[in-house]
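Participant: Residue numbers (my numbering), protein chains in the order written: chain A, 1 to 326; chain B, 1 to 312; chain C, 1 to 448.
It is worth saying that the hints were derived from the structure and are not from the lab.
Don't take every hint at face value.
As the list claims (entries may be wrong) - Incomplete in silico selection of chain A near chain C, CB under 8 angstroms:
#, residue
1, Arg164
2, Gln183
3, Leu185
4, Leu186
5, Arg291
The beta carbon of each residue, even a glycine, is placed where N, CA and C say it ideally should be.
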Amino acid sequence: MEFLLNTGTPVEKFIVMGIAILLFVAVMAIVLFLTDRPRMPQWITVLAFLGPAAVLVVFGLVYPAIRTIINSFRSDNGQEWVALANYGDVFGNSALRLVLLNTVLWVVLVPLVSTAVGLVYAVLVDRTRFEKLAKTLVFLPMAISMVGASIIWKFVYDFKPTERPQTGLANQLLVWLGFDSQQFLLTWPWNTFFLIAVMVWIQSGFAMTILSASIKAIPDDIIEAAKLDGVTNWQMFRSVTVPSIRPAVVVVITTIAMATLKVFDIVFTMTGGNFDTSIVANEFYTRSFVRGEGGIGATLAVLLFVMVIPIVVYNVRQMKLAEEQR
Amino acid sequence: MSQATTVPDVPGPAPTKSTGPRKLTKAEQRAVDAKTRLSSPWASVIAIVIAILWSVPTLGLFVTSFRPEIDIRTSGWWTFFGDPAVTWANYDAVLYGGSTNFIDVFVNTIVITLPAVIIPITLALLAAYAFAWLDFPGRNMLFVAVFALQIVPIQITMIPLLTQYNNWGIVGSFWPIWLSHTIFALPLAIFLLHNFMMDIPRSLIEAARVDGAGHVKIFFQVLLPLLVPAIAAFGIFQFLWVWNDLLVGLVFGSAQEVAPLTVRLADLTGTRGTAWHLLSAGAFVAMVVPVTVFLLLQRYFVRGLLAGGVKG
Amino acid sequence: MATSLGLAGVTLAACGSGGGSGGGEDVDEALSSVDVACEPYEEYGDLEGTSVSVYTSIVSPEDQAHIDAFIPFEDCTGVTVEYEGSRQFETQLPVRLESGNAPDMAYVPQPGLVERLVTDFPDSVFPVGEQAEANVDEYYNKSWKGYGTVDGTYYAAPLGANAKSFVWYSPGAFEENGYEVPETWDDLMALSEQIASDHPDAKPWCAGIESGNATGWPATDWLEDMMLRTAGPDVYDQWVEHEIPFNDPQVAEALDMAGQVLKDENMVNGGLGGVESIATTPFGEAGLPILDGSCFLHRQASFYQANWPEGTNVAEDGDVFAFYLPGNDTESQPLLGGGEFTLMFADRPEVQALQAYLASPEWSNAKAKVSPPGWVSANSGLDPANLKSPIDQLAYELLTDEATTFRFDGSDLMPAAVGTGSFWTGMTNWITGEDTQSVLDSIENSWD
Chain A
1 MEFLLNTGTP
11 VEKFIVMGIA
21 ILLFVAVMAI
31 VLFLTDRPRM
41 PQWITVLAFL
51 GPAAVLVVFG
61 LVYPAIRTII
71 NSFRSDNGQE
81 WVALANYGDV
91 FGNSALRLVL
101 LNTVLWVVLV
111 PLVSTAVGLV
121 YAVLVDRTRF
131 EKLAKTLVFL
141 PMAISMVGAS
151 IIWKFVYDFK
161 PTERPQTGLA
171 NQLLVWLGFD
181 SQQFLLTWPW
191 NTFFLIAVMV
201 WIQSGFAMTI
211 LSASIKAIPD
221 DIIEAAKLDG
231 VTNWQMFRSV
241 TVPSIRPAVV
251 VVITTIAMAT
261 LKVFDIVFTM
271 TGGNFDTSIV
281 ANEFYTRSFV
291 RGEGGIGATL
301 AVLLFVMVIP
311 IVVYNVRQMK
321 LAEEQR
Chain B
1 MSQATTVPDV
11 PGPAPTKSTG
21 PRKLTKAEQR
31 AVDAKTRLSS
41 PWASVIAIVI
51 AILWSVPTLG
61 LFVTSFRPEI
71 DIRTSGWWTF
81 FGDPAVTWAN
91 YDAVLYGGST
101 NFIDVFVNTI
111 VITLPAVIIP
121 ITLALLAAYA
131 FAWLDFPGRN
141 MLFVAVFALQ
151 IVPIQITMIP
161 LLTQYNNWGI
171 VGSFWPIWLS
181 HTIFALPLAI
191 FLLHNFMMDI
201 PRSLIEAARV
211 DGAGHVKIFF
221 QVLLPLLVPA
231 IAAFGIFQFL
241 WVWNDLLVGL
251 VFGSAQEVAP
261 LTVRLADLTG
271 TRGTAWHLLS
281 AGAFVAMVVP
291 VTVFLLLQRY
301 FVRGLLAGGV
311 KG
Chain C
1 MATSLGLAGV
11 TLAACGSGGG
21 SGGGEDVDEA
31 LSSVDVACEP
41 YEEYGDLEGT
51 SVSVYTSIVS
61 PEDQAHIDAF
71 IPFEDCTGVT
81 VEYEGSRQFE
91 TQLPVRLESG
101 NAPDMAYVPQ
111 PGLVERLVTD
121 FPDSVFPVGE
131 QAEANVDEYY
141 NKSWKGYGTV
151 DGTYYAAPLG
161 ANAKSFVWYS
171 PGAFEENGYE
181 VPETWDDLMA
191 LSEQIASDHP
201 DAKPWCAGIE
211 SGNATGWPAT
221 DWLEDMMLRT
231 AGPDVYDQWV
241 EHEIPFNDPQ
251 VAEALDMAGQ
261 VLKDENMVNG
271 GLGGVESIAT
281 TPFGEAGLPI
291 LDGSCFLHRQ
301 ASFYQANWPE
311 GTNVAEDGDV
321 FAFYLPGNDT
331 ESQPLLGGGE
341 FTLMFADRPE
351 VQALQAYLAS
361 PEWSNAKAKV
371 SPPGWVSANS
381 GLDPANLKSP
391 IDQLAYELLT
401 DEATTFRFDG
411 SDLMPAAVGT
421 GSFWTGMTNW
431 ITGEDTQSVL
441 DSIENSWD
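The following block holds chain A by itself, in its conformation from the complex (with noise of 0.2 angstroms):
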């Protein structure tokens, strides 16, 4: 065993990690076979395909998440019951309540502003000469990391006084157009939009690709019926593209919803959350490992959740209903 665990030159780490494929296989090989006969019960089958990844998500997600809550109720060094004063704090601290704020902004703006500017420029480039090229370009920042995004964008708001030479682009084309340069990441709210302005830039590419792929799923005699009506081409926009696209466009905002949520990569990189630029999945990560308060930090990971919750609830309405039409 020790070999799998200790790993030096790159050929052995090549050779480990073809053991680990070649045991999850055979294991996961084992288990199907073993319960695949005919007569089987149906939970043993269901147990089978369902139980590694079951154990897997309870062990590694139900069981933080459950310790996450009960910690919200405890001291900042776990060792104590405080009952809901942790909650108080949050919500009695302004600095905390504004930035729940941002994180609502957040979570408005960056699925719906996304999910705008993918449709529209999904819309503009298909069928054009260069539609490959353009999809291509648009989407390229999802390939990126989350940090290399904001290294990027940090570059691109760079500031230096007005009479100095600029070195990042948005305040030179400021300059040049001639005004003064701006500290974009300084005053609330606009840094606020700044920042979103990068996860925007991030998620569209996503959008636009899914939107993009819908649109084209039009059925031809759809559209055709449409003409002979004669109407204009934002009217067949309005009433024609819109409503068939509107399952995808649905499933677009959720998951961009639900990652933008999580994110914490871009404020942390870009401004580590001060300024009052902060959201919650930023607040939580310096409040539970860098300050040591550990109570108030599980207590923004515990309102992480809840605010998914409308998100949840409004994805099983739509599961339903594509349950129905089945």
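Chains B and C: place on chain A using the hints.
Facilitator: Showing chains B and C alone in chain A's frame:
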């Protein structure tokens, strides 16, 4: 937190593509061409503005990564085109500047990424099959729970997981990283692949059942071939997420022998948070592989999304 | 997370030039003149074949000198030291301790963190061993022992040190304009006024406090330096211990004194913008306008020398140098500083031996020889001739001078929620426009 959390599920509309390919007349072709385009000069302007906004920032950083440190600090990257001064020094510093061998961390990242893509997809496929085609009590509740688990932040799992890994004596090897990536990928992977599976016509499954096929046979012979594009699409996303991940690598793989590229770059470029010459070069080194993979596999990616969107 | 900076990351990682000294021959050569002889190591006993893991916040390239400085110890005792540095040290160390995955030893950059670790993980930490304590008693000022003591038990032995009460300037620019290095605070203010009137295009001072999620720490140093000058060391101690409230009028007075520079548009922010630009200027770049003459003075610690661009001559007759941030008069010499400490999470003989070695003059001298400029310790057995740069020697001189009233960086001593939290954010808000009293009030409210 990651791109992985935004993997699509595309229950698009269900168009009837029953006519099959036939040659369109010129008039029809034109009608189809213009079917959704808002063709006006404004439309072109908007499209071009978006395209520029989405590519110029990256271009700026790319140009910056080749400029000498002193130039970066004193003038904008756009001045480069008037007075090009190219240096490899930044890349040199990033690749060879530290005490760790760059080849090693590159190997580590590959060794981490492959199992961290294969294992969760396999497990998620099986689980998604159970949710989609097996009947058992509490199925919908369980599925909603899995969906909701997407929101659990990785940070809260650090201490409980590390405690267990430590008890098992596997800290410092690749196993905790693989396991953790698998766990974090599962909710989204199950959710996504489940939606793809739901789009496969029930009649196909029923027909196989009538022929006496067991679940394993149905899974491998009927479903898997149909799911290949979806698997490829999710595989690309999971690959991007694992490759770009910093947090998991940092917490579970900080030991020198297993640390991935991102951890090493974070340490290197972070020593001075504003060393743009190192940050820009470092960001591009980290970006090369995922962007290349994405560009090469883009086709499959889009096809996978379409497979989810277009039933049967 | 790439740019997250714990204070530790900043202070420690910044100690050293970007060059990094490669291992190998140079190191052997540098060390051979100190101790080829293994006599000082014999007291550690037979440790052949054992190993010690050390976890720190010091990463490449600054880590190389630390690794190299283990060599004499490893060669003579046979112990292998496994060094691991991470920029996320401060967040990861508690995680590792809680999950039972502790390293044998950690370099802890703040006494406040030592206290927190001792309180939160009483079963994981071990007091300083006998040999190490003997070294500390012999070679360190006794105040250093106090910083490593929690509730009467001695837990953490000193490692490196730094001096923060420095003002960087350009000797050339001073000579050209006929400016003298000031010797009292009033002289310094007079000089600032003088510069402001002589150079309408420039500003006397430049400053920057941006440092990722540690933004604000350079401004806390300002306030602490001012406290030592306006209120004196005794009140400073009471303030740090929270025996007087954080919003005491004496603190407000000190902060207003810092405001005479930091919040006056005539004084700042040379080459970087207005007062607000201090908040967004990265601390590492804040002194650079001195090089092009758009700023004349920059208050920052001795380790700032690592931030000058390659090729800058740091010397009394070079491109840049630093003078001691003067006291109220020439008699008093308060010095603000910081340092790292070693804390053990295992008490095996080899771990104790390593801690003793790190507190010994042998280590300080070996480390000085293999370090690039920008490193000092407060060990009285350190031979200043081994230090690489004049500013290090000046820092060492001040650190060990009898006339110096040394005080440890207060934010490093306060509880984490204040010292690495509300104090940082409070000072940031102060720069961006909040008034002195309400900033101090809100920090006081966060201290419970």
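Participant: Hint check: is the beta carbon of Arg164 (chain A) less than 8 angstroms from a beta carbon of chain C?
Facilitator: holds (7 angstroms)
Participant: Just to be careful: measuring from the Cβ of Leu186 (chain A) to every Cβ in chain C, is the smallest value less than 8 angstroms?
Facilitator: With a minimum Cβ separation of about 6 angstroms from chain C (threshold 8 angstroms), the hint on Leu186 (chain A) holds.
Participant: Identify whether the interface hint at Arg291 (chain A) stands, where standing means a beta carbon of chain C within less than 8 angstroms of its own.
Facilitator: Holds: closest Cβ of chain C sits about 4 angstroms from Arg291 (chain A), inside 8 angstroms.
Participant: Please verify that hint: Gln183 (chain A), Cβ, nearest Cβ of chain C, below 8 angstroms or not.
Facilitator: Status holds, d = 6 angstroms.
Participant: Minimum Cβ distance from Leu185 (chain A) to chain C below 8 angstroms?
Facilitator: holds (6 angstroms)
Violated hints for the displayed structure: none, as all numbered hints are satisfied.
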